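2 protein chains.
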Amino acid sequence: MFRHFLAAIAAVVVVAGCGRTGRDTADLHLSQYVDPFIGTSGMGHTFPGACVPFGGVQVSPDTDTIPHNVAGKYQADVYSLCAGYRWDDPTIVGFSHTHLSGTGHSDLGDILLMPTTGSLQLNPGTADKPENGYRSRYTHDSETASPGYYAVTLADYGIRAELSATTRTAVHRYTYPQGAERHLILDLTHGIYNYEGKTLWASVRMVGDSLLTGYRITQGWARENYTYFAISFSRPVADYGYKEKIRSAYRGFWRKFKTEHGFPEMAGRGIVCWMDFADDSDEPLVVKVGLSATSAQGALANLRAEAHGKSFEDIKAAAEGDWNCELGKISAQGTPDELKMFYTSLYHTMINPSVYCDADGSYRGLDGGIHKAEGWNNYTVFSLWDTYRAEHPLLLLMHPERARDMARSMLAHQQQSAHGLLPIWSLMANEGWCMSGYHAVSVVSDALLAGADVDGNQAMEAMVSTSNVPYLEGVKAYKELGYVPLEDSSCGASTTLEYSYDDWAIYKAAKALGRDSLAKQYKLRAQNYKNLFDGSGSFAKARYRDGAWKTPTDPRQTYGEGFIEGNSYNFSFHVPHDVIGLMGLMGGEDRFLCILDTLFSQPLDPVYYADNEDIEESCLIGGYVHGNEPSHHIPYLFQWTSDPAKGEYWLREIMERMYRPRRDGLGGNDDCGQMSAWYVFSAMGFYPVCPGSGEFVLGAPFLKEISLSLDNGKTFTVKAPEVSSQNRYVKAVKLNGQPYSKRYITRDDILSGGTLEFEMTDVPREKAAPSESDLPYSLSLEK
Amino acid sequence: MFRHFLAAIAAVVVVAGCGRTGRDTADLHLSQYVDPFIGTSGMGHTFPGACVPFGGVQVSPDTDTIPHNVAGKYQADVYSLCAGYRWDDPTIVGFSHTHLSGTGHSDLGDILLMPTTGSLQLNPGTADKPENGYRSRYTHDSETASPGYYAVTLADYGIRAELSATTRTAVHRYTYPQGAERHLILDLTHGIYNYEGKTLWASVRMVGDSLLTGYRITQGWARENYTYFAISFSRPVADYGYKEKIRSAYRGFWRKFKTEHGFPEMAGRGIVCWMDFADDSDEPLVVKVGLSATSAQGALANLRAEAHGKSFEDIKAAAEGDWNCELGKISAQGTPDELKMFYTSLYHTMINPSVYCDADGSYRGLDGGIHKAEGWNNYTVFSLWDTYRAEHPLLLLMHPERARDMARSMLAHQQQSAHGLLPIWSLMANEGWCMSGYHAVSVVSDALLAGADVDGNQAMEAMVSTSNVPYLEGVKAYKELGYVPLEDSSCGASTTLEYSYDDWAIYKAAKALGRDSLAKQYKLRAQNYKNLFDGSGSFAKARYRDGAWKTPTDPRQTYGEGFIEGNSYNFSFHVPHDVIGLMGLMGGEDRFLCILDTLFSQPLDPVYYADNEDIEESCLIGGYVHGNEPSHHIPYLFQWTSDPAKGEYWLREIMERMYRPRRDGLGGNDDCGQMSAWYVFSAMGFYPVCPGSGEFVLGAPFLKEISLSLDNGKTFTVKAPEVSSQNRYVKAVKLNGQPYSKRYITRDDILSGGTLEFEMTDVPREKAAPSESDLPYSLSLEK
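Residue numbers (my numbering), protein chains in the order written: chain A, 9 to 791; chain B, 9 to 791.
If you are wondering where the hints come from, they were derived from the structure by calculation, not from laboratory data.
Any given hint could be a false lead.
Any copy, or any two copies together, can satisfy a pair, since identical chains are not distinguished.
To be verified - Below 30 Å or equal to it, Euclidean Cα-Cα: the simulated DSSO-like pairs (lysine-lysine) are:
| # | residue 1 | residue 2 |
| --- | --- | --- |
| 1 | K318 | K251 |
| 2 | K484 | K264 |
| 3 | K487 | K791 |
| 4 | K264 | K775 |
| 5 | K739 | K253 |
| 6 | K538 | K722 |
| 7 | K558 | K266 |
| 8 | K137 | K380 |
| 9 | K531 | K558 |
| 10 | K137 | K722 |
| 11 | K253 | K380 |
| 12 | K538 | K264 |
| 13 | K558 | K538 |
| 14 | K538 | K266 |
| 15 | K742 | K484 |
Only a predicted model underlies this, so the values are computations on that prediction, with no experimental measurement involved.
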């Protein structure tokens, strides 16, 4: 292997745009290694469009929008069209402004723009007959995507479409062919997870001749999603009008006006607008779109604050600068393909969560009210069942200010919740209720323990409140019985495991805050996982209210066994806070290792996943399912045993097989950066198995050198000069030049700066019992 | 005739509640004369429920809510159910919080509450089978209504329901029978002008155990109407739940929750909530409802500001006090029936327009944004085609501060309008586009000329902008041709007459502001009415773009002749600003008088109104249609002739036949107070024929004595001690003791205080040519 580049070391400078004191690495142009198309085919569910790091606007092409009432299509489209874009689709419907990155359920796709020529068409048409609508064919040859920039040629119109973004605005540059009509469609009925009636209301108004403002409210996964917009044009609108696909009830203005044409405002449930521009200049049309969730005034203020007076090139350069700055916080060495996969993963960790407030701090809260974040930014898109594992720990390490704001956003959400609940799946001022657990407590606790500037008492109250909502999926019974019975939840077993870890996170925070009585209470709750093990040394099992075990059980079966997105074979290992305790329940180390081994090495019969939309054979390593998050920490569990080399072996397998720098290279939904954050951590050779412990459990590094430029000005470097697919085993570790026998490093180790060196080899270490003091955290070992 | 009471004269005091310096007349309890049921049957379209003067909340029983898709029912229900309540309906569906007073098109009926007992029913049921729903039978015997108070016994449940209100809140007191279940229904699908899907979205949340907040958005005549609410209960909610009549698209929370019961928040398009209260006390349940158009926080703040800590009796007493204070501004003498009709009319002039801002001044603007009225109140429900005639002139005279705020509200509306238009029909931050003209200019101009504290330049710009919107019903052609051609509007002739008067109002304002060029321009436009008269001495006629006259024409036909809500026979007189000019075009005084005479005396063939929902035989006096406003000033036009006694005769006929103190006593829709304001002025013996002229044209008083307590502390008294149905003719007039020959008095005459005495007789005055200097204003006479 050869070194592709050597990270230039510069003096400590403040880098504009990502607001950090650190090495000036922006000029390394690390964004060159990012390929936004990775994950756009197959399972990844990523989008190729333009955004800035954690930006609230993600402007991207949508390749289809099939209503869910097409027979048999509902589930497939809701799942496969999550990102709006599918690499294999032959047409582009248009460019919408909001996209989720890597989810398994879909929504958004707000405010679609599409430039066209020729006769005006106001329906999207269908992929098989694009000429019947405004959509266009395109080829991937004409497509370019890089951080902050996307471009494509719309083949049916000969229009070059380019996109870029700021935090709260998008900018479109449309180069129409000479002599052609210059139409622009604004379809307010378009959406991802679309269906007739999804748009509850849409409203537009022309303000002067080059500004359009409005909003729409949709009903979808986000139960009520308000998107206000302000759209400015680089040249006057010469003509415009609307089609009302759904007629309003009151038509009293019919007599007065021809609203189809030249009428400066329109509202309704099925509004499609068109604008025409004069063909009097070769200059492309530049369209700037400000978004807000609070008001049209907010959208306009955002547009003015972030895009006013800036050219397309200015905005594109700034977006690229922001990306290079953020990506530059981690400099890595490797082959072009390795760097592509690494930096694309790093890129994907910085799309969601997304800023969800106006430039002045105003934001829509969970209570539907408009609130103001003073001195911080409110964030949304918390896919917490996924992201508490590695995404949030990565952000806490590398983006402490954003991590603080995210914790504050969660606490605000809790205060605005009718249930007193921290977010489960925060989506545009809605609770999306997706998946199980109350994992926000993990994120809040970890942030609190890391010293983030959040109110400790408020955080504590929020966590306690969240974990005591009696009607939340079996919580009442969980508190009474120590587990969630099957009567209360079809996934009572996995939910018990999740609550158990979450309660441990609350315990850690309570302990740190000196709230002894709470600490005692939650330490007990943290051990509820034990109630799922029947003492036979087997897997976790679901139970009924009367204490009886579900029988028979099949640990390879995902459905109907009391687990969700993970069978008991995988999910039984979800005791990240007490691996030693778990090991005992499973029958001791030998049995534990045996089960781990067979999980990875024994193929899963297709009967167990044939009907499962998010598992394919290529996503499996034996019975290990990397695409579903409950397994993510499992390869690191070998570190609690005498045979960590086994984990090193499987980590390399996962890295190589689940993450390939190809369109269809992701072995599962990227899940708002969790899959990618796993990759980033694992490439560095450590992973936050148990967020809240302050520890990162060692694995095996993937790249020869990775260097973290930390916000505190320190640098932490991981070196593994001999690493390769063959040399996948760790022979020895040194921290800051000293031999290092612990199976983990701490957050403090990293934040202090220094060097972690792995000596790599192609020979697995011999099994050897670890000293207890070298083991990573386990509740059972706590003094 | 006997005096029913003698107005007590008190020292000048500040009266709390109606914020006025004047005689303390509140203790006269003039509200005793008000019968809110007048107009609730037949044409009046008034509601009997509770509100305070100009209050934003009008809580009132709704007696039916038939979806418009019941075959053949659409038009009838939209029309006859405008007020929500029809005297002849046998059941009450519930009590909703917003009602229009006397309109001919319908909307609102927001946030319906209904207390029930027995088995819980969540559908309203139907009038013929009320037992199939939550509605109840009732008898009028059990009903009471007075200003600020309404009560009824719900016969099916034995519940006594009482209502009162403040400006922004309603208070309900429900006395359930002992031992019965105590249900309360909140039906967010209910509405006036209701249909499946009218509710675009509704959202509710329980906050603690005795507060419910939420909102709904409806699509109706008000294109998008936002009603936020905060509902507090005098005792804890013991149990609650929802029915979702329309299922949401995303049901991802199903697994987690049983949302039907005890779940503290819900949202959707078809939400019906129920709450149960313990039967542990004889105390009635008191429910306070705060409304806001800006936010749930705003609704809660309004509730706290206006109702917190106040009992039902406190609020009722305050509402009655407010009414007595406002009604006390005019003290009148007459028989009980005369006083009932007079004070009920006065009451009906103070329901709309309605306050449309939070207690802190925040309000939803026409642009959908939230604005703040600093130091004034924003108003809505401007039915301007109706109310510019007498309602607004009455408010300007008697409520100058509110009139100023209404003018400011209109100017804010204009600034927020995508069209730059002053309101035509302002309805809850929407433009309702109802009827023709741009009559807000009349109101703004009149206010400006009266010295109201509005920005003159802003007002001028707003009026000029309004009158130059080219796509507003024929304005472009009107400016080019001097009339609105039939090609541009099916009511081009009447619209031309309306624009012509409106342009005169702009002319007057421009002149007063020294904007000479504008004044010249609008003085010309004000004469465009002339373009409808063909010189043959006939009626106004519609024209085509090429100048040709519509032919044949039938001046008795309302439809298809180029007029709206008025045939040419009536509408031709709509030149209030230049009666002398009109007289000339009609062929001189003799012909003018002849046409006026025949209008009143010659019956209209039923063929001309058989299909017309708003004209019945009882509403006609000859061919004069009092229920449609374009005629309102006509009986006063005799004052420009040598035979004013004819007008005095017909005025008395109109007063006696169109206004009877009975449920079905109103000869037309009350139209947001215009019909009633006509009555109030006419009872005093003068009427603002041409708002903006500063003149009130004399008629014939109806009551023996009426005294106005003006805001400036002055008192203006009209006396007619001998007046009766026989003594309907004016023999002589004195102003402040001096013989008075003018046919009008001025606003300044009134505001200076004094006494206007009419000597009445049963003998009509002999015809005598008036001196030109005694004539009321006419543009043609202007020097």
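Against the structure, the hints come out as follows:
Taking the closest pair of Cα atoms, K318 and K251 never come within 30 Å of each other, the shortest separation being 32 Å inside a single copy and 51 Å across copies. Proximity of K484 to K264 under the C-alpha cut-off of 30 Å is restricted to the inter-copy arrangement: shortest distance 12 Å between copies versus 60 Å within a copy. Taking the shortest Cα distances, K487 and K791 sit within 30 Å of each other inside one copy (25 Å), while across copies they are farther apart (91 Å). Taking the shortest Cα distances, K264 and K775 never come within 30 Å of each other, neither inside one copy (86 Å) nor across copies (45 Å).
In this homomeric assembly, K739 and K253 never come within 30 Å of each other (Cα to Cα): the closest approach is 67 Å inside a single copy and 65 Å across copies. Taking the shortest alpha-carbon separations for K538 and K722, neither the intra-copy value of 41 Å nor the inter-copy value of 86 Å comes in at or below 30 Å. Taking identical chains as interchangeable, the C-alpha atoms of K558 and K266 lie at most 30 Å apart only when they sit on different chains, with a minimum of 23 Å there against 67 Å within one chain. Taking the closest pair of Cα atoms, K137 and K380 never come within 30 Å of each other, the shortest separation being 47 Å inside a single copy and 51 Å across copies.
Proximity of K531 and K558 under a CA criterion of 30 Å is satisfied intra-copy only: 27 Å inside one chain copy versus 91 Å between copies. Taking the shortest Cα distances, K137 and K722 never come within 30 Å of each other, neither inside one copy (57 Å) nor across copies (78 Å). Within a single copy, K253 and K380 get their C-alpha atoms no closer than 36 Å, and across copies no closer than 35 Å, so neither meets the 30 Å cut-off. For the homomeric pair K538 and K264, the shortest alpha-carbon distance between copies (23 Å) is at most 30 Å, but the shortest distance inside one copy (73 Å) is not.
Only within a single protomer do K558 and K538 lie at most 30 Å apart by alpha-carbon distance; the minimum there is 16 Å, versus 92 Å between protomers. In this assembly of identical chains, the alpha carbons of K538 and K266 lie at most 30 Å apart only when taken from different copies (28 Å versus 71 Å within one copy). For a Cα distance limit of 30 Å, the shortest separation of K742 from K484 qualifies neither inside one copy, at 48 Å, nor across copies, at 85 Å.
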